[in-house]
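Participant: The primary structure of each chain is shown beneath.
Protein chains: 2
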Amino acid sequence: MREGKATKPTMSKSYSVAVAGATGAVGVEMIKMLEQRNFPLQSLKLLASSRSTGKKMTFRGEELTVEEMTEASFKGVDIALFSAGASISRQFRQAVTDAGCVMIDNSSAFRMEDDVPLVVPEVNPEDVKWHKGVIANPNCSTIIMLVPVAPLHRAFGLKRLVASTYQAASGAGAKGMDELLRQTRDVLDGKPAEPHAFVDPIAFNVFPHIDVFQPNGYTKEEMKMVNETRKMLHTDAIRVSCTCVRVPVQRAHSEALNLEFEKPVTPEQAREVLAAAPGVIVVDDPANNRYPMPIDASGHGEVLVGRIRQDISQPGQTGLDMFVAGDQLLKGAAYNAVQIAELL
Amino acid sequence: MREGKATKPTMSKSYSVAVAGATGAVGVEMIKMLEQRNFPLQSLKLLASSRSTGKKMTFRGEELTVEEMTEASFKGVDIALFSAGASISRQFRQAVTDAGCVMIDNSSAFRMEDDVPLVVPEVNPEDVKWHKGVIANPNCSTIIMLVPVAPLHRAFGLKRLVASTYQAASGAGAKGMDELLRQTRDVLDGKPAEPHAFVDPIAFNVFPHIDVFQPNGYTKEEMKMVNETRKMLHTDAIRVSCTCVRVPVQRAHSEALNLEFEKPVTPEQAREVLAAAPGVIVVDDPANNRYPMPIDASGHGEVLVGRIRQDISQPGQTGLDMFVAGDQLLKGAAYNAVQIAELL
Numbered sequence: 000m001r002e003g004k005a006t007k008p009t010m011s012k013s014y015s016v017a018v019a020g021a022t023g024a025v026g027v028e029m030i031k032m033l034e035q036r037n038f039p040l041q042s043l044k045l046l047a048s049s050r051s052t053g054k055k056m057t058f059r060g061e062e063l064t065v066e067e068m069t070e071a072s073f074k075g076v077d078i079a080l081f082s083a084g085a086s087i088s089r090q091f092r093q094a095v096t097d098a099g100c101v102m103i104d105n106s107s108a109f110r111m112e113d114d115v116p117l118v119v120p121e122v123n124p125e126d127v128k129w130h131k132g133v134i135a136n137p138n139c140s141t142i143i144m145l146v147p148v149a150p151l152h153r154a155f156g157l158k159r160l161v162a163s164t165y166q167a168a169s170g171a172g173a174k175g176m177d178e179l180l181r182q183t184r185d186v187l188d189g190k191p192a193e194p195h196a197f198v199d200p201i202a203f204n205v206f207p208h209i210d211v212f213q214p215n216g217y218t219k220e221e222m223k224m225v226n227e228t229r230k231m232l233h234t235d236a237i238r239v240s241c242t243c244v245r246v247p248v249q250r251a252h253s254e255a256l257n258l259e260f261e262k263p264v265t266p267e268q269a270r271e272v273l274a275a276a277p278g279v280i281v282v283d284d285p286a287n288n289r290y291p292m293p294i295d296a297s298g299h300g301e302v303l304v305g306r307i308r309q310d311i312s313q314p315g316q317t318g319l320d321m322f323v324a325g326d327q328l329l330k331g332a333a334y335n336a337v338q339i340a341e342l343l
Numbered sequence: 000m001r002e003g004k005a006t007k008p009t010m011s012k013s014y015s016v017a018v019a020g021a022t023g024a025v026g027v028e029m030i031k032m033l034e035q036r037n038f039p040l041q042s043l044k045l046l047a048s049s050r051s052t053g054k055k056m057t058f059r060g061e062e063l064t065v066e067e068m069t070e071a072s073f074k075g076v077d078i079a080l081f082s083a084g085a086s087i088s089r090q091f092r093q094a095v096t097d098a099g100c101v102m103i104d105n106s107s108a109f110r111m112e113d114d115v116p117l118v119v120p121e122v123n124p125e126d127v128k129w130h131k132g133v134i135a136n137p138n139c140s141t142i143i144m145l146v147p148v149a150p151l152h153r154a155f156g157l158k159r160l161v162a163s164t165y166q167a168a169s170g171a172g173a174k175g176m177d178e179l180l181r182q183t184r185d186v187l188d189g190k191p192a193e194p195h196a197f198v199d200p201i202a203f204n205v206f207p208h209i210d211v212f213q214p215n216g217y218t219k220e221e222m223k224m225v226n227e228t229r230k231m232l233h234t235d236a237i238r239v240s241c242t243c244v245r246v247p248v249q250r251a252h253s254e255a256l257n258l259e260f261e262k263p264v265t266p267e268q269a270r271e272v273l274a275a276a277p278g279v280i281v282v283d284d285p286a287n288n289r290y291p292m293p294i295d296a297s298g299h300g301e302v303l304v305g306r307i308r309q310d311i312s313q314p315g316q317t318g319l320d321m322f323v324a325g326d327q328l329l330k331g332a333a334y335n336a337v338q339i340a341e342l343l
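Protein sequence lines correspond, in order, to chains P and X. Everything in the first sequence is counted per the working numbering, starting at 0 for the first residue and increasing by one. Everything in the second sequence is counted per the working numbering, starting at 0 for the first residue and increasing by one.
Don't read these hints as lab results, they were simulated from the structure. Possibly wrong hints are sitting among the right ones.
Treat identical chains as interchangeable: a pair holds within one or across any two.
Pairs of lysine-lysine residues, derived as BS3-like cross-links and limited to a Cα-Cα distance of at most 25 Å, are as follows [unchecked claim]: (1) Lys174 x Lys219; (2) Lys54 x Lys128; (3) Lys190 x Lys174; (4) Lys55 x Lys31; (5) Lys31 x Lys262; (6) Lys158 x Lys128; (7) Lys262 x Lys158; (8) Lys74 x Lys31; (9) Lys74 x Lys262; (10) Lys74 x Lys131; (11) Lys55 x Lys174; (12) Lys74 x Lys174; (13) Lys128 x Lys12.
Remember, predicted model here, so these are calculated numbers, not experimental data.
With the hints as extra help, turn the sequences into a complete structure.
Facilitator: This is the structure in structure tokens:
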């Protein structure tokens, strides 16, 4: 077996896949997902920057060696899962599509481009069909929000959404998760919290600053939730506002959602719709202290939904409040990307 | 000097004060506040349960001994600051008022009673006047929300408010703060997170459960924010919904607020009103990474307000989004109680 490739007995149809950014927090989860979901692989190529070249990683019990990503890397590759940052995605787009390879990109580079579908398989699988070589994975907080919100929108017509997020350190990758642990240890030892991966201290703190500020006062992360929601639900009529906040949690994002619908909807009706929705687990039994929490969502591909209640600030049962939690690295990134590959 | 009392040269007018629950997280801060604000004291009595009797505490450089609280404790006392839980407040109310002493109560015991004013000095100082022996300190998250929201309401007419909170461990007192530190150490050491003060793990986690669940699906904490807001702003027309969430932060609460007004209001107008409002510090310079954070609010009596922006989900400049942070033990409890005592 060649370095950097794992082969598998050919199934009815199997694919050559490359993971670009294989050693990053999301890349590692992408590889795990391909393994766990028994993705029909003809070969697997692990690509990263020269810094990580030669690193060994295990896949289906075999040791694979990470190769340096170059424009030549994509020859003979069917699907490339990219999670190496927006600039790397931009740099390699042409080489990937020229090689006849489909790029499934986890970065924000192409998400809002008209000829790039933005896909959550539970929300808009049909959009995969019109891709022209690139399919974008939405922003993690948008994915985690839309998996439960899309089925409610289809049933009751979403008019307006106010979201407040509780986002994990993993949103800044492995360095964010490492920083949370290191800084927390330092603070417990009486040392100052030194921020590197984040602008502000993350240990025992929260801050309303994820991605860069826009002229309208929202952050880019907040505007992603607005714009990506509209693109995936195929309507500009849905009004969205949100506040994105980083919290000292390792790898699952939570969100408090306030929803306003065209049609009346009771919490019972919402629970019924959500219980039948793909990718959603209803965890909503407050009497027994059961509601979504990031520690319970971690390691799972599904989004947990609970605290579903009639919004008492809205007339006529048109409003709902709820709380959701989902694994940022899995459903928010790696799992969604592999699901898109499966759709192909 | 007698045990448990500190005397001071008589000023124009001075008061005998008792702190009930002196050894609790809020009680300790109440004593610090009386010291820092040079409250005109004739004497200070530190009261607690028999468990803490005999404990020594320092006030203005003198050592005071904690006394066991009995019905006889309030004879000759002018003002009793209570922070020993709702059941203790209920138990001693009669004894306190029979002694001609005014009870300023930090618990939720009497807040919604018609003949008990609920007061934030920056919001509704005039309500102190009609007290009948008891004045209630509002819930911490309500105080931190209303200090900035009340002046905006007066200027632009608040119609609806959606709040999502990021509440610190101190909301469960010293035992909550201790639990956060202990549990965080345990998790970092690879041990399981054992919850005692909270139902759920607080280390590296968040949970949407503060106080008990109500039949409408909201928690009691969330309904306090709804009902106390209406009582203090003297109107039932303001519609409020909120989701209260505990986060692994030591002692300052943060809140993401989405506000809808009768009159149009720009972020600039809101900043002007807030800059002139008592008890508020506008921290709103995203270009230089300046916004409210709990670590910056800790130890301060003022509420920090920032991320002020026009809500893009509302038409015609009638909506604002903002983020606030305030010290739960100070403005959320001890400082507000001492401010009420000063009003008297």
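Participant: Hints first: check each against the structure and report whether it holds.
Facilitator: Checked hints:
no. : hint            : result
1   : Lys174 x Lys219 : within (20 Å within a copy, 38 Å between copies)
2   : Lys54 x Lys128  : neither (36 Å within a copy, 73 Å between copies)
3   : Lys190 x Lys174 : both (20 Å within a copy, 23 Å between copies)
4   : Lys55 x Lys31   : within (14 Å within a copy, 58 Å between copies)
5   : Lys31 x Lys262  : neither (41 Å within a copy, 54 Å between copies)
6   : Lys158 x Lys128 : neither (28 Å within a copy, 45 Å between copies)
7   : Lys262 x Lys158 : both (9 Å within a copy, 22 Å between copies)
8   : Lys74 x Lys31   : within (24 Å within a copy, 70 Å between copies)
9   : Lys74 x Lys262  : neither (51 Å within a copy, 61 Å between copies)
10  : Lys74 x Lys131  : within (18 Å within a copy, 83 Å between copies)
11  : Lys55 x Lys174  : within (20 Å within a copy, 46 Å between copies)
12  : Lys74 x Lys174  : neither (31 Å within a copy, 60 Å between copies)
13  : Lys128 x Lys12  : within (18 Å within a copy, 81 Å between copies)
Going down the numbered hints, you'll see the structure goes against 2, 5, 6, 9 and 12, while the others check out.
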